[in-house]
Amino acid sequence: MLAKVYVTPKKAILDPQGKAIVHSLHSLHYDEVADVRMGKYLELRLTGLSRGQAQQRVEEMCSRLLANLVIEDFRFEIVED
Amino acid sequence: MKWGVITFPGSLDDRDALHCLEVVLEQHVVPLWHKDPDLHGVDAIILPGGFSYGDYLRCGAIARFSPVMQSVVAFANAGGPVMGMCNGFQILCESGLLPGALIRNQSLSYVCEWTRVRVETTRTAFTTACRAGEILRIPIKHGEGCYVADDTVLQQLEDNGQVVFRYVNDVGEVTAQANPNGALRNIAGVTNARGNVVGLMPHPEHAVETLLGSEDGRKLFLSALR
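If you read the sequences in order, they're chains A and B. For the record, in the first sequence the residue sitting at position 79 is 79 according to the numbering used here, with numbers rising by one throughout. For the record, in the second sequence the residue sitting at position 44 is 125 according to the numbering used here, with numbers rising by one throughout.
These are computed hints drawn from the structure, not numbers from a lab. There is no bait here: all hints are sound.
Pulled a few chain A residues facing chain B out of the computed Cβ check, cut under 10 Å:
{"id": "1", "residue": "Lys10"}
{"id": "2", "residue": "Gln17"}
{"id": "3", "residue": "Ala20"}
{"id": "4", "residue": "Leu65"}
{"id": "5", "residue": "Asn68"}
{"id": "6", "residue": "Ile71"}
{"id": "7", "residue": "Glu72"}
Predicted, not measured: the structure shown is a model, and the values here were computed from it. Backbone N, C-alpha and C fix where the C-beta goes; we use that ideal spot for every residue, glycine too.
Chain A with its partners taken away, still in its complex shape (with noise of 0.2 Å):
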């Protein structure tokens, strides 16, 4: 099973690398990007787990170590690989 987490900066935090991203596709002349917000994506390779189990176990991975919840969200899928 494989469960694929991604984070990303808070909608009300300051994202200077999302911003800085922008600024550059907008120089490349893509216009039409209004927003851009750069998280991270995680891949976890997980053994021994139920479906359910997995789903309450990398919920709390992600609110205890991956991501900060001061700054960032989160979500995950969880699929077969």
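Here the structure of chain A is known, so what remains is to put chain B in place on it, guided by the hints.
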């Protein structure tokens, strides 16, 4: 008084903190190792700057779960004085001992320069030797020092007097120009509600001898001796 300075893998300024305390301030100081939960009976703890665990995931995110940090959290919750500089500040925020977080500098550039910070409160374990409103000249060196917190937390910090230091210009004014990293409200350092845990991005341990360009940093350490 017995001080402890923690070394994590990737700590840089632990030696400077040891030198500051042992040689300059003639204190009894012991090095503490990240894997050892034993605090060896110290009376105050310093979390130095650097790149603990390579800053992997987020600055301070991995260090927060090291064995020594479990003891530091208990020590702090019991009222023990703890100060974190730079990476130490990041670790204190990650561990929940201090509110808010530190993110990439707004400029996206690493900054290494002298700053002036204004002492906003003397009611912390590390600022009793300062005067309120006093301006200290202390250097910074970091890529991730932009202090952020949501509006509710910021308001609580202001209302409770938990903002300890703010970046200011030569005459003590809070200006955008004096802000080296984009920190909200020019915040350079904060404390917990009790005032025994202090975190700041500037490096007081690099400002304790005239040879280093300033002695202003001494006051923070001397405060804890009172």
